[in-house]
Structure formats: C-alpha cells, structure tokens
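Residue numbers (the working numbering), protein chains in the order written: chain A, 13 to 367; chain B, 72 to 382; chain C, 3 to 276.
Quick caveat, the hints were computed from the structure, so don't treat them as lab data. It is possible that part of the hints are untrue.
Between beta-carbon pairs, the in silico distance windows are [to be verified]:
1) A:Arg77 to B:Phe125: 49 to 57 Å
2) C:Pro253 to B:Gly243: 27 to 35 Å
3) C:Ile18 to B:Thr273: 34 to 42 Å
4) C:Pro82 to B:Leu104: 47 to 55 Å
Beta carbons: idealized from backbone N, C-alpha and C, even for Gly.
Residues per chain are reported as follows:
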Amino acid sequence: MAGLTLRSVRKNYGDVPVIKGVDLDIAHGEFVVFVGPSGCGKSTLLRMIAGLEDITSGEVSIGTRVVNDVEPRDRGVAMVFQSYALYPHMSVYDNVGFGLKLAGTPKAVRDANIRDAAKVLQMEHLLDRRPAQLSGGQRQRVAIGRAIVREPDVFLFDEPLSNLDAALRGDMRMELARLHNDLGATMIYVTHDQVEAMTLADKIVVLDGGVVQQVGSPLELYNNPANLFVAGFIGSPKMNLLSVESQTGGAVVSAALAAPLALRHDLPESARMTLGLRPHDLKVAEDGPLKGHVRLIERLGNETILRVSLTDATEITAVLPGQDALANGQPIAFDFEPSSALLFDEHGSRLNTAP
Amino acid sequence: MTDKTTSIPDALPTSKRLPPSRGSRKTRTAAWLFVAPAFIAYAAFVLAPLVMSFYYSFLRWDGIGEASFHGLTNYITVLTDRDLLQIIGNAFQLVLYFTLIPVVLGLAVASAIRSHMAGRFGTITRTVLFLPQVIPLVAAGIAWSWMFASTGLVNQTLKAIGLSSWARGWLGDFVWALPAVGIIGAWVLLGLCTMLLVTGITKIDPSLYEAARLDGARPWHEFRYITLPGLRQEIGVCITVTVIAALASFDIVYISTQGGPGITTTVPGLEIYRLAFAHRQVGLASALAIVLMVLVLISIAPVQWFTRDKK
Amino acid sequence: MKTATPNTLVARGLIIVLMIVTLLPFLSMLSAALAPQGTYPNGLQWPADPQWGNFARAFEVARMDQLLLSSSLIVLGVVPISVLIATMAGYGLAKLTTNKYKWLYLVFVFGLTLPFEAVITPLYYEVRALGLLNTRFAIILPLIGLYMPFSVYWMRAHFLNVPHDLTEAAQLDGATRWKEFWLVQVPLARPAIMSLTILLFLWTWNQFLLPVVLVQDPMQRTMAGALGAFQGQWGTDIPLLCAGSLLILAPTVALFLVFQRQFVAALMQGAVKG
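Let's have the full structure, built from the sequences with the hints guiding it.
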C-alpha cells in the first residue's frame, strides 16, 4: 500500500530553478490534483515522481522506499500522457499488454488482465484496432487501460483530458472518478483546469513558480484561499479583486467603492490591501457599496453572468441566480455579506478571517 | 471532433513546455552507448584517415621509404603548379555542365508542367529518368564512351543531319573532351534534378499563381516571383548534389578518358589517385586531397546558407 | 487532374525528349552488344543478325557468377551492419539534443560533404597495415565508416520526429533502453530503415574508387569495380564490352524496376537530406 512523500524536492535546469523546494504527503488511495498555470512546474513535479526527470535535491519516496535513483520501470507507477503516447505499430491489445509482456507475465494471465481492463473501460470491441483507427476518447481509454493492467501503486496523469472536446472531457472526468472509486489506488493528476481539479480531487496542490501555494481539499481552497494566487485561480468565474486601503476603525476605502466599507477592527492602518469578492457572493442591492453600470450580460438560463463597470472604471463580475431582465448600460449596485469578503495584504497573503 | 484534430496538436504543447535538457542522466549515458559503434566506425575509417591525410600533406614521402618533413611546400605546389591549377580548374569547369544543365532543364520542365505527374505517364517518367542514378557511374562512362566514339551515335547523328565536318573522336579531342565528360555528368544528374524540381513545384500553393495572375503577372513574373522562390530549397539541393558530384568526380573520368588527352580532363580526384599510387608522391597527393575537401566545403557553404536558413 | 493546357503539352514534350536522351545510351549499347564479334559497329543500328550469344560470352568472360557473388558478399558485409549501427546512433543522437552534445552531431555532419578521394590515400596504408589489402574487407570496413555521416544523419532526422512521449511510456511500461529500441523504435523506423537500406545497397554495389585502389583482383571487387577491370581488358572489343556492361548493370536495374516506388522515394529523400 503506497502513499507518497516529497521532502524539499528541487529541480534545476542548469542554473534555472523550476521546482523550488516542495514538501508533500500523499496518503494511500488519495486522488491528488496538481494544478497551476502553464510553466508552474506541475508537470515537471509529476515527471520527477515518475522518474522521467532527475531530482536535483530532496527526496521522493513511494511507500517507504526512497526512489530518487530507482528506474521509472521499478517505481510501481503508471502514467497516462497528454498525447496518450500509444505505440502506433501495435494493436490496442498489444499496447495494453506491452508492460506485462516486458515483465514476463505468462500469456494466459496477461490475456485475462488485458480483457479485464478492456471490460472496465468498455473497450473490448477495440482490442484489434490500431491507435490510428481510434477517436480521441478511445485513445484515452486505451492509455488508461495500459496503466491499469499493470496494477501500479500510483497512477500518474499528465493533463490527460486536454486533447478532448468539452463534452467528452466531462464524461471522462466522471469515468476517472469512478475508476478511482473502484481501484482505490493513489492517483496524481496534473491539470491547468481548475474545474477538473475541483471535481476530481480529494486534495488539491496549487503550484505557481515552482512553489506550492496551498494544499487542501477543493472546498478549503475555495473558501479559505491562502493567498491571492490561489484565490484568483480557484473558482469560476474568477474572484473579483479590488485594490483598497485600510482606514482607522477597520474600514477600507477605494475609488471603486461608493463609500468606505467597514470590515474588521483588527486591520492595520492605512495599508494597501486587496479585497476579494466571489462573483456568486454579490447580491443586487440599490444602496450597496459597489455601484456601476452593466457592460455585458451572459445569460446561461440557470444563472446570469454580469460584467459591471464600477464608478472608477474597475470591472467586476457578478453571477445572479435565475434569469434577470437586465439591460446593457443600466445602472446597478451590489452588496455582499461582510463575512464572504476576503482580504489580502500587500504581499498577497491572506489576512486571517476575523472570528 | 475527428481523430486527426485530436492527435496532431499533441506534439506541440508537450515539446514546447519542456526545456531542452530532457531526460535523466541515465538516458544520456545510454544514448552515448547507442552512438558509440557508429562513432568508432566513423573515427576509424574517416576521421583517422583524414588526420593522416593532413599529416601526410606536410611530408615528402614515396609511400615506402623514409618520409621527411616538407612544410607547406606541398600546398604551395598545389596552389602554384600550372598543371595542378589546370586540374582544379577542370573540376570547376565540370561544375558548369554537371550543375547548370540539369538545373536549367529541370526548372524548364517543372515550371511548364507545374502539376503532379500522376498515373502511368508519371510512373514511366520517374522510372526512366532515375535509371542513370541506379547504374554505376562506371557504366554511364562506358555507355557514353561508346556514344562519343568515332563510330558512335553522336557522330552518326551529326552525319545524318549533314554535319559530317563536326564529327570527331570527342573524348580524344583537346578542346571537346572536357565538355564531353561534362555531358556525361549532366546526363547522370538530369533526371534526379528534374524530378526533385517537379516534385518541389507541386508543393507550391496553386492559388499563389492565381493571385499573381489577378495582380497582372506575366508568365515571366510568375516564374521569377513565385516559382523560383518557392523552389529555393529544391534548387539548393540540386546545386549541392551536382557541385559535389563535379568537384569530387572520379569514376566517369577514369573510365571515359583516363584524364586525357594530356591533362585536359584530369580532375583532382583522379590526380590524387595518380600522385599517390602511380607517382608515389603521397605528400603532394594528400595536400591536393585536403585542398579538394576544403574547396567542396567552400563551394557548398554559400548554397546551404542561401537556401536553407531563411524559412 | 487539370485539363491539358498548351503548357503541359510542352512540358510533356520536353519530358519525352529527356526520356529519349536518357534511354539512347542504353539502346546504343544494346545495338552494339548484338553486333557480330570483332566488328566495329555503328552508333545505333539494329544488326541484321543479332548476336544474343555475345551476352553468354560476356557472362563467361566476365565471370559474372563470381562477380555477383563477390558484390553480394560485400553488400551483405556493409549494409546490415551500417544500417544497424546508424539506426542506433541516430536514436542516440536524437536523445542528445542539448548544446553540450551538439558537437558530436556536427562531427558526423562534417563528413557529409567529404569526398572519398580526400581519405583514400591514408585508407590504403591503414588497410595495408591491417593486412586486409586485396580482400573484400578492404572494401567493407572503410565503406561502413564512410557511410556513417549520411546514415546517422538520416536516421537521426527520423528519430527526431518520433514523439519523446513514446520513449517515456516505454520506460514506464518497464522497457530497458535496449528493449525500447527494438520493440518500439525500430518497428516505427521501418520506412526510414528501408530507404537507407536501398541507398546503401546502391552505393555499395556501384562503388568504384575503393575497389580500384584497395583490391587488385576483380573477383574480390564490387560490380562497378569489376566493370573497370573488364573495360581495361576488353575495351577494344566493343560488342563484348557493351554486352558485359549491360550484364553488369542489369542486377540493379532489375531490382530498381521491381521496387521502383521505394527506390525513387529513397533517392529523392536521400538527395534532399544529404
């Protein structure tokens, strides 16, 4: 049974550090998602766990074993690549069975395992085909099948859904969740898509600039982002971020705000900070502190997304439930629960929520 | 979404995202082991002899007895001796025939046809035009020696059209032997160049020609501004291949003229062979070999520069 | 297909002229080869009494059976090994793409334009020192080395286009480098390997300089080298010389006609890449 531990793991390309010291504990059976913008080091970290990249310093352990110098094939991991990386000259059957064949698994056992995997992934009818004859979604299944026949301790997914269209992505997401339930194996999943992260993960690791920004369950990250980066990255539409300045007495002022906003008493005086407001937390209220004009309306049926230009021309996004009869250019004002407002200091760190 | 649209973009983001120094140290060690056998073969039979050539070129040595250091004398000889200069000049004259004829004729055919040669006609054309590439150069030399012989087809044709006075033993003629050798090379390379250029021109987007015509371009303009630039790479390939074939020629000359009459058709390749193995002047032969190698490099470099870099 | 415009008619005409020019030397040789022995035939003239027996005589005089054997042995000595080690090296070099290793690739590329004449003299002394002069190995070993620049360059170009992910997938599937090479890379490289094999076969079979310098006995030479000797010996007997030449170039032409498509593709790509 294998969890995974990373201890001050670093990676440099020449003089350029790309992973700047990552510590992480992953329990057995957890579904962990590495998320972050492109270039944040999430794929590199995954590849270091797989053994495809050298570890400059630090330690990676799978189970209780330090695997820094263990060949990829001996680490007990399987990986699903973004490009699927299916062997073009082999049939689906041989693709799935290649690892077992290399491991010298007897033919009968191999055959049974391949057919089991095919059944789980509902691709029994594809076994004789070549990868070139498959659709994107089918290739994806084969790539996953190739991973599961080997019964690895840890599954690694490198942006596996990014080459699929939106509808298929939704289906595959559910299928992966089901697979995780059925197999109960440890899975590490890399994506730049926060929706995938939110829907799949037991635990999300947000990375930026080679540094872990925050680790937590999806809702922890949503409700209690540790810093501006996480706040801006998690949640859709993005959180509104307004520059404000604190005043004596725990209120904040900003050109964007119609009036000073009393928030918390423990604020330092006249400090620059950022106010974060989730689009879903804004409510239309005539005397609300956020006043502006509607610039853009997206009607989704179940909700209405507004782009609003505030008095100082700052733009914010608001999501209203249902179907509002709003018109472009119309004046509008919003209010919100003070408890839903998040404050970040000038370095971007979250100011602790007032009790 | 079809297969193609999902599979083709795959390669780009992955390769872009990852820095160039991919893979682990072990990968690199393994890669070295894979390269080693080829490198050893290359080092043993190309690099080492090349170094030896360089070394010999400073010696005075008959290949058997004592060698003595000769400084740059051999190189000075190569670059001042009238015969050797003529021999090097011969090679460059051959370039005119080996390169110009195939490229010009190839361009003419390509720009006239400007479409893929499909079907039976295309297959037959390709097969026939590639024949000279498949046979040994020696065979081409023999075939053309016979063509140019006093009772050969060339003279027979001249007589048939009333130009008997032109008939001669071409390969024994002090003036005409070198052009005759050049024709042999042109014959060998013509098909290859033509096919390369014809294939190249089919890759030019036909709508460019239509757009040019709408802009009022004449056929010459089309050739000058669309065909020529579009074929730059293929022309570069043709020139590279044919120039090397001319400068480093050996087989054809050895078979058809043995370098004669006099030294009118002797080329560096043949002279190296003679100097080293007949006249026992290993040092001079090696100096000429090094000069030949450098000449080829110098001649090819600008072609590569002009045709490949700008993309 | 577009309809035939006057232009394409002109082009077809031109091509037909080119084809005739290409074929005339062969026809001329054929007509001479069929002329009666000891005569001095005319350029292109179908003989009244075609002497097909000339071919049989040339076969005997040139000892074609032995020549074929010798050439085949040389090809078998050169081509498989060259293709194998070049494929390995191409794969290796495609994995060593950092600036640090660029020199290794450049050293190979440098050899692309090297005329064989530039190294033939020291090769003679090297082969003599190895005691291989006048054996087929005098041709085989140097040719393997001389073919490396092109072959390695060729295979590397192929491997650069194989997604790196496949290598990594194979690693994770448990393949050693060696197994990955044989089970994943080589099957995928088959078209490139096929073309390389064709080119190396042609170049070996037609190699002239090395046999002339390094091997005296025509029976130990390549076809082309033997043809040189044949001409030296029978150069004045035009019918016999022509018949012999045709026989000697027949095997490659026959192979070419059978594998026309592959040969043409290989020769064209070979030129472009070389």
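Consistency of the hints with the structure:
Distance hint check: the CB atoms of A:Arg77 and B:Phe125 are about 55 Å apart, consistent with the given range 49 to 57 Å. Taken as a hint, the range 27 to 35 Å holds for the pair C:Pro253 and B:Gly243, whose Cβ atoms sit roughly 32 Å apart. Roughly 20 Å separates the CB atoms of C:Ile18 and B:Thr273, a value that falls outside the hinted 34 to 42 Å. Between C:Pro82 and B:Leu104 the beta carbon distance is about 20 Å. The supplied range of 47 to 55 Å is therefore violated.
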